[in-house]
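Participant: First to last, the sequence lines map onto chains A and B. Anchor point for the first sequence: position 78 equals 78 in our numbering, and the numbering is continuous, going up by one each time. Anchor point for the second sequence: position 237 equals 237 in our numbering, and the numbering is continuous, going up by one each time.
Keep in mind the hints are simulated off the structure, nothing from the lab. Be a bit skeptical, because a hint or two may be false.
[Said to hold, decoys possible] Calculated cross-link-like contacts (lysine-lysine; reagent style DSSO-like; alpha-carbon spacing at most 27 Å):
{"hint": "1", "chain 1": "B", "residue 1": "K325", "chain 2": "B", "residue 2": "K348"}
{"hint": "2", "chain 1": "A", "residue 1": "K24", "chain 2": "B", "residue 2": "K254"}
{"hint": "3", "chain 1": "B", "residue 1": "K131", "chain 2": "A", "residue 2": "K24"}
{"hint": "4", "chain 1": "B", "residue 1": "K312", "chain 2": "B", "residue 2": "K362"}
{"hint": "5", "chain 1": "A", "residue 1": "K40", "chain 2": "B", "residue 2": "K312"}
{"hint": "6", "chain 1": "B", "residue 1": "K64", "chain 2": "B", "residue 2": "K2"}
{"hint": "7", "chain 1": "A", "residue 1": "K27", "chain 2": "B", "residue 2": "K90"}
{"hint": "8", "chain 1": "B", "residue 1": "K312", "chain 2": "B", "residue 2": "K324"}
{"hint": "9", "chain 1": "A", "residue 1": "K24", "chain 2": "B", "residue 2": "K362"}
{"hint": "10", "chain 1": "B", "residue 1": "K256", "chain 2": "B", "residue 2": "K368"}
{"hint": "11", "chain 1": "B", "residue 1": "K172", "chain 2": "B", "residue 2": "K90"}
{"hint": "12", "chain 1": "A", "residue 1": "K40", "chain 2": "B", "residue 2": "K131"}
{"hint": "13", "chain 1": "B", "residue 1": "K400", "chain 2": "B", "residue 2": "K348"}
{"hint": "14", "chain 1": "B", "residue 1": "K316", "chain 2": "B", "residue 2": "K131"}
{"hint": "15", "chain 1": "A", "residue 1": "K40", "chain 2": "A", "residue 2": "K78"}
{"hint": "16", "chain 1": "B", "residue 1": "K256", "chain 2": "B", "residue 2": "K60"}
{"hint": "17", "chain 1": "B", "residue 1": "K131", "chain 2": "B", "residue 2": "K94"}
{"hint": "18", "chain 1": "B", "residue 1": "K60", "chain 2": "B", "residue 2": "K2"}
{"hint": "19", "chain 1": "B", "residue 1": "K131", "chain 2": "A", "residue 2": "K27"}
{"hint": "20", "chain 1": "B", "residue 1": "K324", "chain 2": "B", "residue 2": "K362"}
{"hint": "21", "chain 1": "B", "residue 1": "K324", "chain 2": "A", "residue 2": "K78"}
{"hint": "22", "chain 1": "B", "residue 1": "K346", "chain 2": "B", "residue 2": "K256"}
{"hint": "23", "chain 1": "B", "residue 1": "K400", "chain 2": "B", "residue 2": "K312"}
{"hint": "24", "chain 1": "A", "residue 1": "K24", "chain 2": "B", "residue 2": "K64"}
{"hint": "25", "chain 1": "B", "residue 1": "K254", "chain 2": "A", "residue 2": "K40"}
{"hint": "26", "chain 1": "B", "residue 1": "K324", "chain 2": "B", "residue 2": "K346"}
{"hint": "27", "chain 1": "B", "residue 1": "K324", "chain 2": "B", "residue 2": "K368"}
{"hint": "28", "chain 1": "A", "residue 1": "K40", "chain 2": "B", "residue 2": "K368"}
{"hint": "29", "chain 1": "B", "residue 1": "K346", "chain 2": "B", "residue 2": "K325"}
All values derive from a computational prediction rather than experimental measurement.
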Amino acid sequence: MKCFTYTVTNPVGIHARPAGLLVKAAKALDSAVTVECGGKSASAGKLIALMALGIKAGDTVSVTVEGGDEEAGFQAMKQFFQTHL
Amino acid sequence: MKAVNGTAGLNGIAIGPLRLWRRTNAHMVFASDVGPEEELRRFEAAREQAEEQLTALGDKALEKVGQDNAAIFEIHRMLLEDEDYLEAVKSVIKNRGSTAEYAVTAAGERFAAVFSAMEDVYMRARSADVKDVSSRMVDILTGTAQGALHGDEPAILVADDLSPSETIQLDKSKVLGFITRYGSSSSHTAILARTMNIPALMGVDFDDSWDGRMAVLDGVHRQVYLDPDDQLLAQMEVRRWADQERQALLLELKGKPTRTLDGREIRLCANIGTDDDVEQVLRNDAQGIGLFRSEFLYLEEDHCPTEDRQFKAYKKAARAMAGKKVVIRTMDIGADKQAAYFHVEKEKNPALGCRGIRCCLKHRDLFKGQLRAILRASAFGTVAVMFPMIIDIREVREAKALLAECRAELEAEGTAVGPLEVGIMVETPAAVMIADELAQEVEFFSIGTNDLAQYTLAIDRQNPQVVPLADPHHPAVLRMIRETVEAGHRHGCWVGICGELGADQTLSETFLRMGLDELSVAPADVLPLRQYIRGLNLREEP
């Protein structure tokens with residue numbers, strides 16, 4: 001299991017389009033990706049649950065990558081968050 | 001003639017007959033006659049059909065509103081693939097023996113409610129997306145055909161609500177604009193209508209008697225006029241015409257840099273007076289908000305606005321600008337703008353009295369409330385703060401110390417705070433004379449030309465006897481501006497103009513030659529100025 005934290009800078013936070021992109025990126029991996037924020041967590045592959053976290057700009061999230069090729073998944077997610085969120 | 005208000009407006013003006021449209025409600029039964037297996041199969045078949053429809057809509061949207069906006073329909077498709085959604089539908093079918101359409105409705109309502117209950121308006125608006133997908137599925141499952149959105153003649157559409165997928169299908173030759181009872185400016189429907197440039201008014205209380213009546217929809221002032229008289233019609237025709245002119249300009253200039261023929265670029269931003277004006281800033285494609293006057297918050301009620309009220313207004317602007325800079329000027333109460341609760345004594349000469357930063361530093365508790373609100377909003381976009389009426393370096397240092405105090409308090413409370421650029425208004429001759437020192441304290445200067453001219457020329461802006469003498473092109477004023485730019489640049493500050501002079505095209509070339517980094521003007525002046533500057537060539541001798 002590998003984990004990183006990230007503070008969201010995308011001004012709209014993780015809603016609709018950014019969430020859609022994240023779901024796609026997470027589903028492309030063979031690891032399970034979990035996003036946690038403010039005591040609630042959701043699988044990064046589930047659009048509704050992810051949007052329901054209501055993550056806004058300035059929120060710090062922790063992202064966990066588990067199973068499969070963890071190292072590759074970890075790098076891919078880190079890259080994704082830095083680029084899109 | 002009758003005028004009715006709406007809560008949110010978009011785009012310009014539409015004039016024409018009203019056409020009431022109602023969504024056809026699907027006829028739905030709860031209990032399944034065919035059993036869960038068959039209902040699950042029906043659900044899967046409907047889902048496939050819905051996905052096909054959404055793909056087609058996405059293609060249509062791509063053509064009409066571009067890739068970013070077309071993504072809305074991809075999100076809709078993804079909702080239909082969401083594991084939690086599928087799980088919810090299937091469990092209702094299996095455990096309650098219901099029809100697929102009932103299960104889809106129940107699941108849709110459940111997830112729409114999750115979003116409706118959220119604190120954030122953007123997230124709340126997502127419930128409309130869930131409902132849109134859900135009613136698409138129900139229509140497919142029950143074979144319900146919705147009535148045409150358009151009639152034969154062009155009309156203003158009136159409906160309880162329009163979904164994003166209905167909006168994208170609006171034919172602009174038949175739909176002059178639309179009026180809805182529900183909906184918000186954060187909805188995907190509003191985003192699409194904005195891009196498609198369809199005038200719209202939301203939050204309007206209408207009734208059946210409106211059908212077929214003549215109306216004027218004014219999306220800018222958020223009003224609809226029923227049975228307009230000839231005078232109003234004539235007035236509105238003129239405005240609509242001006243609007244169309246500007247729209248043509250917008251299409252031509254949208255997204256293009258404000259750059260002269262020889263390659264000198266300047267940032268073109270807009271000035272606003274309330275958070276509602278943000279709509280106009282976006283419409284006119286300004287590159288940011290160069291001056292957000294915060295006084296409206298202080299003048300709208302007879303008591304000081306709470307920190308939360310202020311935070312909401314600043315946050316709204318920061319979010320709507322989506323990363324583009326929003327410069328908030330702290331309260332410039334005093335002079336011609338008085339608030340009773342400040343208990344300012346009657347001054348003989350208010351222009352030289354307790355105003356701007358002087359008033360801020362005198363009412364520290366109120367000032368700190370504003371600074372805290374601005375700092376909190378900075379977590380939601382790119383925000384900057386500037387202090388008005390500076391004459392002394394000590395004022396800047398005091399204001400910055402208070403700002404640091406507020407930041408430390410918020411951090412200790414665990415409240416999110418973003419980075420915040422700090423600048424000052426340069427609007428007194430004193431500030432110009434010590435600009436070198438001031439520039440070392442801040443990151444930018446914004447020149448308030450109205451006051452700078454008043455104080456430089458010793459002409460009272462409120463005194464009609466001397467106002468004709470006020471020549472903003474006076475060499476003294478222009479030299480003041482030049483010196484400010486040079487001093488700012490010497491110390492790495494960017495320098496802009498946020499006064500009325502910024503929009504004066506006879507000075508644009510002078511300003512560009514001086515090296516100004518930004519002009520911030522009224523939203524309606526942004527595009528004409530961009531067009532003008534794009535035609536200039538600084539290599540040619542003046």
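Participant: Now look at each hint and say whether the structure bears it out.
Facilitator: Here is what the structure says about each hint:
Of the supplied pair hints, the one linking K325(B) and K348(B) is violated, its CA atoms being roughly 38 Å apart against a limit of 27 Å. Taking the CA atoms of K24(A) and K254(B), the gap is about 31 Å. The hint is violated against a cut of 27 Å. Of the supplied pair hints, the one linking K131(B) and K24(A) holds, its CA atoms being roughly 22 Å apart against a limit of 27 Å. Distance restraint check for K312(B) and K362(B): the Cα-Cα separation of roughly 25 Å lies within the 27 Å cut-off, and the hinted pair is therefore satisfied.
Between K40(A) and K312(B) the CA atoms are separated by roughly 25 Å; this keeps the pair inside 27 Å, and the hint holds. Note on K64(B) and K2(B): the hinted pairing is violated, with a Cα-Cα distance of about 35 Å set against a maximum of 27 Å. Distance hint between K27(A) and K90(B) is fulfilled; the C-alpha atoms sit about 22 Å from each other, no more than 27 Å. This hinted pair checks out: K312(B) and K324(B) have alpha carbons roughly 18 Å apart, not beyond 27 Å.
The hinted pair formed by K24(A) and K362(B) fails the criterion: a straight-line CA distance of about 54 Å is larger than 27 Å. Pair hint K256(B) plus K368(B) does not hold up; C-alpha atoms about 39 Å apart against a cutoff of 27 Å. Taking the CA atoms of K172(B) and K90(B), the gap is about 40 Å. The hint is violated against a cut of 27 Å. For the hint linking K40(A) to K131(B), the alpha-carbon distance of about 25 Å falls within 27 Å, and the restraint holds.
Taking the CA atoms of K400(B) and K348(B), the gap is about 30 Å. The hint is violated against a cut of 27 Å. Distance restraint check for K316(B) and K131(B): the Cα-Cα separation of roughly 25 Å lies within the 27 Å cut-off, and the hinted pair is therefore satisfied. In summary, the hint linking K40(A) to K78(A) is supported, as the alpha carbons are separated by about 20 Å, within the 27 Å threshold. For the proposed pair K256(B) and K60(B), the alpha carbon gap of about 25 Å is at most 27 Å, so the pair holds.
Note on K131(B) and K94(B): the hinted pairing holds, with a Cα-Cα distance of about 22 Å set against a maximum of 27 Å. Restraint check for K60(B) and K2(B): not satisfied, since their Cα atoms lie roughly 38 Å apart, outside the 27 Å limit. Restraint check for K131(B) and K27(A): the C-alpha separation of about 25 Å stays at or below 27 Å, so the hint holds. The suggested pairing of K324(B) with K362(B) is violated, with an alpha-carbon distance near 32 Å, which exceeds 27 Å.
A threshold of 27 Å between alpha carbons decides the hint, and for K324(B) with K78(A) the separation of about 25 Å falls inside it, so the pair holds. Taking the CA atoms of K346(B) and K256(B), the gap is near 49 Å; set against the 27 Å cutoff, the hint is violated. With a C-alpha separation of about 23 Å, the suggested pair K400(B) and K312(B) falls inside the 27 Å cut-off, and the hint holds. Distance check on the hinted pair: K24(A) and K64(B) sit about 25 Å apart at the alpha-carbon level, within 27 Å; holds.
A threshold of 27 Å between alpha carbons decides the hint, and for K254(B) with K40(A) the separation of about 41 Å lies outside it, so the pair is violated. Using a Cα cut-off of 27 Å, the hinted pair K324(B) and K346(B) is violated, with the two alpha carbons roughly 40 Å apart. For the given pair, K324(B) sits about 25 Å from K368(B) by alpha-carbon distance, which is consistent with the 27 Å threshold. Pair hint K40(A) plus K368(B) does not hold up; C-alpha atoms about 33 Å apart against a cutoff of 27 Å.
Straight-line distance between C-alpha atoms of K346(B) and K325(B) comes to about 37 Å, which puts the hinted pair past the 27 Å bound.
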